[in-house]
Every structure is written in C-alpha cells, then in structure tokens.
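Let the sequences and hints guide you as you build the complete structure.
Protein chains in written order, with the numbering used here: chain A, 1 to 175; chain B, 176 to 480.
Derived from the structure by calculation, the hints contain no laboratory data.
Chain A is faced by these chain B residues, among others (derived, beta-carbon under 10 Å):
{"#": "1", "residue": "S193"}
{"#": "2", "residue": "A203"}
{"#": "3", "residue": "G204"}
{"#": "4", "residue": "A207"}
{"#": "5", "residue": "L209"}
{"#": "6", "residue": "V214"}
{"#": "7", "residue": "A228"}
{"#": "8", "residue": "L310"}
{"#": "9", "residue": "S388"}
{"#": "10", "residue": "N440"}
{"#": "11", "residue": "R443"}
The structure displayed is predicted, hence computed values, not measured ones.
Yeah, the Cβ is synthetic: ideal placement off N, Cα and C, and Gly gets one too.
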Amino acid sequence: MIDPHLLHVPRLGRHPGRFRLAGTPVITVLLGSLASVVPLIAQSPVMPTFGLLLLLSWRLLRPELWRVWIGLPLGLFDDMVSGQPLGSAMFLWTVALIGIDYIEHRMVWRSYKQDWLIATIAIIFCITGGVFFARITGGGEIRLSLVAPQMLWTVLLFPFIVRQCARIDRWRVMA
Amino acid sequence: MARPPSRRPGINRKAQYSLFASYVVAVAGAAAGLLLVVVAIFDPTGFAGLRTATAELTRPVSAGLKNMVSGVNSVDEVLASYWRAGSQNVALRRQVEADRNRIIDAKAVKQENTRLKKLLRLVDEDQSDLLTARLISSSSSSARRFARLNAGRWQGVRPGMPVRAAEGLIGRVHSTTPNTAEVLLLTDTGNIVPVRRANDSVPAISTGAGDGSLEIRALSAGRNPFKPGDLLVTSGIGGIYQPNIPVAVVVRVEGEIAWGFPLANPSRVDAVVVERAFEEVVTRGDPAAEAVSQEAANASNASAP
Numbered sequence: 001m002i003d004p005h006l007l008h009v010p011r012l013g014r015h016p017g018r019f020r021l022a023g024t025p026v027i028t029v030l031l032g033s034l035a036s037v038v039p040l041i042a043q044s045p046v047m048p049t050f051g052l053l054l055l056l057s058w059r060l061l062r063p064e065l066w067r068v069w070i071g072l073p074l075g076l077f078d079d080m081v082s083g084q085p086l087g088s089a090m091f092l093w094t095v096a097l098i099g100i101d102y103i104e105h106r107m108v109w110r111s112y113k114q115d116w117l118i119a120t121i122a123i124i125f126c127i128t129g130g131v132f133f134a135r136i137t138g139g140g141e142i143r144l145s146l147v148a149p150q151m152l153w154t155v156l157l158f159p160f161i162v163r164q165c166a167r168i169d170r171w172r173v174m175a
Numbered sequence: 176m177a178r179p180p181s182r183r184p185g186i187n188r189k190a191q192y193s194l195f196a197s198y199v200v201a202v203a204g205a206a207a208g209l210l211l212v213v214v215a216i217f218d219p220t221g222f223a224g225l226r227t228a229t230a231e232l233t234r235p236v237s238a239g240l241k242n243m244v245s246g247v248n249s250v251d252e253v254l255a256s257y258w259r260a261g262s263q264n265v266a267l268r269r270q271v272e273a274d275r276n277r278i279i280d281a282k283a284v285k286q287e288n289t290r291l292k293k294l295l296r297l298v299d300e301d302q303s304d305l306l307t308a309r310l311i312s313s314s315s316s317s318a319r320r321f322a323r324l325n326a327g328r329w330q331g332v333r334p335g336m337p338v339r340a341a342e343g344l345i346g347r348v349h350s351t352t353p354n355t356a357e358v359l360l361l362t363d364t365g366n367i368v369p370v371r372r373a374n375d376s377v378p379a380i381s382t383g384a385g386d387g388s389l390e391i392r393a394l395s396a397g398r399n400p401f402k403p404g405d406l407l408v409t410s411g412i413g414g415i416y417q418p419n420i421p422v423a424v425v426v427r428v429e430g431e432i433a434w435g436f437p438l439a440n441p442s443r444v445d446a447v448v449v450e451r452a453f454e455e456v457v458t459r460g461d462p463a464a465e466a467v468s469q470e471a472a473n474a475s476n477a478s479a480p
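Below, the structure written as structure tokens:
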C-alpha cells in the first residue's frame, strides 16, 4: 500500500501531459464563465463573475503561465455566454492583465494580502467597466449600486477560489 | 513572496521579440474589443451570430438542469414568506374577500361581453400565440437582464416578438439563434414598455430598474397619478405588445416616479408563450403590410435604447 500522501508526488521519469499542463487553467476559466448556464433566471446581477475570478487566481498564482493576450480569447468566450456586449470582457480582462503585469514588477514584496488587493482592484475595474459598456450599448440607466453586492461577494470569494486553483495546480503539475 | 523573476528575457533576441509581440497582440486585441463594443452601441444585435455556437452548445445543459431543478428557484421566496407570516395572512384574507366580489363582477362582464359579441357577429379569433417554451438560463452575472429561451429561429421565433406568461408580460425577444432565443426581460434597464392603468387608462411608460422592479413614469404632466396597488397593463402603443397584457402592480410612489413590481416572475413561471408582434397580428392577411410590419418590428427592436 502506497502512502496516500505520495499519490500526488511525481514518479521518477514521469511528466504530466502537455494538455494537462496548458489546458487545465484554460478549461477552469471557461467553466467559470459557463456558470451562467445554470437554470437560474436572475432578477438582478447576483452571480459572482467566476470566469474573471479564476483568471485572476491563475494569473496571480502562476505569473509565468500566460502571456497577457490570454485575456482576449477567454474574454471573448465570457462575452459570448455572459450577456454582456461582445468585446466588453475582451477589453477589460486584457487591460486588467496588462495592469497586473505593470504593478507586479513595482511591488518588491508581495504576499497573499497584496494579491487580494490586486484582485480587488481588478474585479472592481472589470465589473464597473462592464456596467459602463452595458449602459452605452442600450442598457439605459444602470446604477452602480445595482452591481455593488455582486462586487462585494466576488471580492470576498477570491481567497476561496485562489485556494481551489492552488489545489488544481498541484494536481496539474504532478504526473 | 518576493517578486517574480523579471520577464525581460536577457539577450535572447527571439525571446525578446516574442514577449514584445505578446504585448502588441494584447493591446491590439483590447482595441478590437473596444471596437466591438462601439459597434454594439449602434447595432446591439450585430455580432449576435457569434453567440450561436455557445448558445446552441449550452442549451441542452441548461434545459436538462432546468428540468431537474424547477421548483428550487422559489426556495428563497418560501423562506421569505415565513417572515411576517401572521400579518401577511390577515392581509391576504382581506384581499381574498375583496377579490371574490370582483371575480363575480368579472364573470358577469364576461358573459355580457360574449352576448354582445354574438350580437355583433364578431368572432374573437386570437391567432397571436406562436409557441410555448421554457426559459432555461439567464445573464445572471451581467448588469443586463437577458434570459435564454429554449426555442429559436427554426421554431419561428423572430426578434421583437413579445414573450408573456399566464400571469403577465415577461419581455420581448432580443436576438435568436437556430434553437434558442435571447429574451430581453421586462426588468432590464433598456426595456421600455408603454403601459396604461387598467381601470382608467392613464398612459405611462415602464422602464426596468435592473433589480427586479420597474420604474413607471406617467406620460401626463403634473402630479403623479399613481398610487400603490394600481394595476398596469400594456397599452398596445408601439405595435409590439398586445394591449391588455398585465404588466405590473405599483408598490411605491416617489414624486414623479412610481415603482412597480412585475406580475410575472420569470424565475417562477414554468413556461412562457411567445406571441407574434401585435402589429403583425392586426395587419395579417395583407402580405405587403406584413412585410412592412415585420420590418417595423425589427427596426423598433434594434433602435430601442
């Protein structure tokens, strides 16, 4: 009987597949965007933006994993399922990723709290931007207070999501 | 955690170019995204075709889940109704007493109506219903209020068609894919519905507030004529909605604005009915007029703010 703790340890001479290494993060983000598939006819924007949360988690957890253009395809997919005007998440997510790239090298020491702060700013930026885009593309007068609860629990959910990402990441890199 | 190693890849030219190219692609892509949004300002359903693939692929999932969980949606309501159950019970009893008399009245009126129609030899053929389908998912993370309908272009659903439930109006079709359609809900901030008060036809305009309530503005100048409890129905102006579909009940009045709640809750209704646009029903029979009305419906759909 193998020690259960050793189940996730890479065996000698074995490597995880390329698809598992590169595909897992992308698939988790796509699944996060697909959270809007649940048969809930919401009366207000209640669902946290899981796609964005997962994107930020992976980005902050594994800075070397993606180049900044990853926000384009993932954002486009999110736009296709979220009901936002097309191009909205494409733009906002890419700008957020470029912003993270920019601050990352200006912060000397970074810990979990700073990561959360970065994610908070990115989440507020993306949701506010989403409201702005929805407003100019025929959404009428959308008040910011409408998305305030969504913003709040998306921010509060970040630590949980980043931990789940770390768990998936451990599985990802172990053969 | 110390900062990650610099992304600057030393003197390797190839790696430098690749990094630079990734930024160029990202910025260009972001600009393209912005351009798509700008296009959407002028033509909200312009690139809706891009959504076809995801809508069609996610439809079976949503529909399957919907079959499993119908009923779970109202859990919050069940819990909320325990709050103030006693006083609510008394109020509802009174309401029932009052309604009983009204139902008797209504029955008498209905009988009279049929009698009069017979006298006029008017056959009431209402051919406006197109099909019945279910709402399977919604834009729950977006500030807009869209719901996805489990029927689309191949079933005859067209943009601009009104969608209603037995209890009242749900919204109208915004865009379609072969097997699904996106319904702009009544509560969306961009959905404007011409309404009137049921008992005395005071005209008003209902706009969604995005949080499940409706903002109702009277068209007449002067004092706000609405008071809590007023029932609003569609007026038929604009040619999209049939007249007399129940829309909302006024719950609060604040200066110029009255706040209403929709009578049909899209998360609770089991199935919705897609109707033909009102103008199309009225002008049916004359092919030329039909084409014009279809165009008018499309145009009003595209230009609605």
